[in-house]
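J.: Residue numbers (the working numbering), protein chains in the order written: chain Y, 75 to 239; chain U, 67 to 285; chain F, 960 to 1032.
Incorrect hints may have been included.
Computed Cβ-Cβ distance ranges for the label pairs, DEER-style [as the list claims (entries may be wrong)]: (1) Val-208(U) to Met-114(Y): 52 to 58 Å; (2) Asn-121(Y) to Thr-986(F): 29 to 35 Å; (3) Asn-106(Y) to Lys-138(U): 18 to 24 Å; (4) Arg-142(U) to Ala-124(Y): 19 to 25 Å.
Chain F is faced by these chain U residues, among others (derived, beta-carbon under 7 Å) [as the list claims (entries may be wrong)]: (5) Gly-134; (6) Ser-225; (7) Met-228; (8) Arg-229; (9) Gly-232; (10) Val-271.
As a list, the in silico BS3-like pairs of lysine-lysine whose alpha-carbon atoms are at most 25 Å apart [to be verified]: (11) Lys-194(U) to Lys-97(Y); (12) Lys-141(U) to Lys-97(Y); (13) Lys-138(U) to Lys-194(U); (14) Lys-97(Y) to Lys-116(U); (15) Lys-1005(F) to Lys-138(U); (16) Lys-141(U) to Lys-1005(F); (17) Lys-138(U) to Lys-97(Y); (18) Lys-141(U) to Lys-1002(F); (19) Lys-1002(F) to Lys-138(U).
No lab work stands behind these hints: they were computed from the structure.
Note that the coordinates shown come from a computational prediction; the quantities given were computed from them, not determined experimentally.
For each residue, glycine too, the CB sits at the ideal point set by N, CA and C.
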Amino acid sequence: MISIDLNLVWTIINIIVLYLLLKHFLIGPVTNIMDRRRQMIEDGFKNAQAAQDDADRLKQEYEAALSGAKQESVQIVEDARKSARAEYDRIVNEAGQKAGSMIEAAKESVRTEREQTMKELKSQIAGLAAASAARIIGGHADEKGNSALYDQFLKEAGEGNGNAD
Amino acid sequence: MEELSCETVFSLPVVGGISESVVVTWIIMAVLVVASLLLTRNLSVENPGKVQLMLEAGIGWAQDFFEGIIGKEAKRYGPYLITVLIYLAAANTLAPLFGFKPPTKDLNVTAALAVMSMCLIEFSGIRKNGVKHWVKHFAEPVPVVAPITVLEIVIRPLSLCMRLFGNMLAGFVVLELLKFFVPLIVPIPVSFYFDIFDGLLQAYVFVFLTALFMTEEME
Amino acid sequence: METIIAIGAAIAVLTGIGAGVGIGIATGKAAEAIARQPEAESKISKNLILGCALAEATAIYGFIIGLLIIILL
């Protein structure tokens, strides 16, 4: 009982073998499992954090895009309004100009026509005057003849005037 | 007197007698290995069963315990200390309950454990601080105490060995005497005290002191 | 001769007195400390167990010496 012999060596060998066996079969697997669970939980936390960050980032992006779209739509409406106004102005201006030019052209043509008519009339009147003068000088200088001449003259002149208008 | 002696179970031709304690240690080893094989059969990370939870709680407690004493180095020395704890607990409590003599009643076993502890204590000191520091630390705080600190190398494991051996032997002797005088009923609570409580306490104290000495040596 | 050996063994076992007194004092102090600071119970009981184990060693040494005297002489 109280004696040291070779059994001490056997016991040491036993303990070393038991240490290796238990380390391999009990402590190793259990520690491994615990480490893996810890790792898994940490990963879960990390993933959740990442997902949260992702969601936040997406939301921010989305909001930015939304406000950008709003601004853009306002811009588009503004642009459309501006261009529509410009077009309207241009069209109105053009129409006004065209109308003006047409009126101008009409006036011009009326004026030229009138001038032409006046010229013709003048020349006719001059012709008539010349003819009547020749008749007065060359023909019978009686009362009757004179009055007929005047009448004819006036008639012709009136016709000329009526034609001109 | 006959109960106290450790019988030689059988003799091998070259190496001599194999004592009872070694055979009981073999049985305990077999039981422990089979039990750990059975318990760790289907471990799972996601949904652990009751057995696995208990296993994890036990191992986790032991690891935390040694980490609390030793600190960072506990990862390296933890498995050995846990092995010794499990072995001592099994040897001190299970063996007497199943009718074997506890192997720790044999001085050879406790001496072997103490020698291992001594090697571990000195090894941990050398590994942590180097040989030079290990040699120098004998002369601290003053060189005069050097003989005593050198003696401490032997005294610490001797104290460990004798404490375990004496406790288990004393418990065994008291129980045998009690069984001799009152064979019925009465030994049961006493057996609970000496075998289970004292056995677990001594296993705890043994690894606790080993870890404490290692910490001291690693400073 | 037998009687003297028995007396020697008995004297060796008297070391138990010191261990008993020491453990008693330690446990009493620990109980006081726990009463004063119940939250530190785990640390105190750890130290108590350590101290008791160390104090107990003397009694164990006495017991072993007694055994040695009986068996070896």
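J.: None of the hints should be skipped; say for each whether it holds.
T.: Here is how each hint holds up against the structure:
{"no.": "1", "hint": "Val-208(U) to Met-114(Y): 52 to 58 Å", "result": "54 Å, holds"}
{"no.": "2", "hint": "Asn-121(Y) to Thr-986(F): 29 to 35 Å", "result": "52 Å, violated"}
{"no.": "3", "hint": "Asn-106(Y) to Lys-138(U): 18 to 24 Å", "result": "20 Å, holds"}
{"no.": "4", "hint": "Arg-142(U) to Ala-124(Y): 19 to 25 Å", "result": "34 Å, violated"}
{"no.": "5", "hint": "Gly-134", "result": "9 Å, violated"}
{"no.": "6", "hint": "Ser-225", "result": "6 Å, holds"}
{"no.": "7", "hint": "Met-228", "result": "6 Å, holds"}
{"no.": "8", "hint": "Arg-229", "result": "5 Å, holds"}
{"no.": "9", "hint": "Gly-232", "result": "3 Å, holds"}
{"no.": "10", "hint": "Val-271", "result": "4 Å, holds"}
{"no.": "11", "hint": "Lys-194(U) to Lys-97(Y)", "result": "23 Å, holds"}
{"no.": "12", "hint": "Lys-141(U) to Lys-97(Y)", "result": "12 Å, holds"}
{"no.": "13", "hint": "Lys-138(U) to Lys-194(U)", "result": "11 Å, holds"}
{"no.": "14", "hint": "Lys-97(Y) to Lys-116(U)", "result": "22 Å, holds"}
{"no.": "15", "hint": "Lys-1005(F) to Lys-138(U)", "result": "20 Å, holds"}
{"no.": "16", "hint": "Lys-141(U) to Lys-1005(F)", "result": "22 Å, holds"}
{"no.": "17", "hint": "Lys-138(U) to Lys-97(Y)", "result": "19 Å, holds"}
{"no.": "18", "hint": "Lys-141(U) to Lys-1002(F)", "result": "22 Å, holds"}
{"no.": "19", "hint": "Lys-1002(F) to Lys-138(U)", "result": "20 Å, holds"}
Hints 2, 4 and 5 from the list above are not met by this structure, while the remaining hints are.
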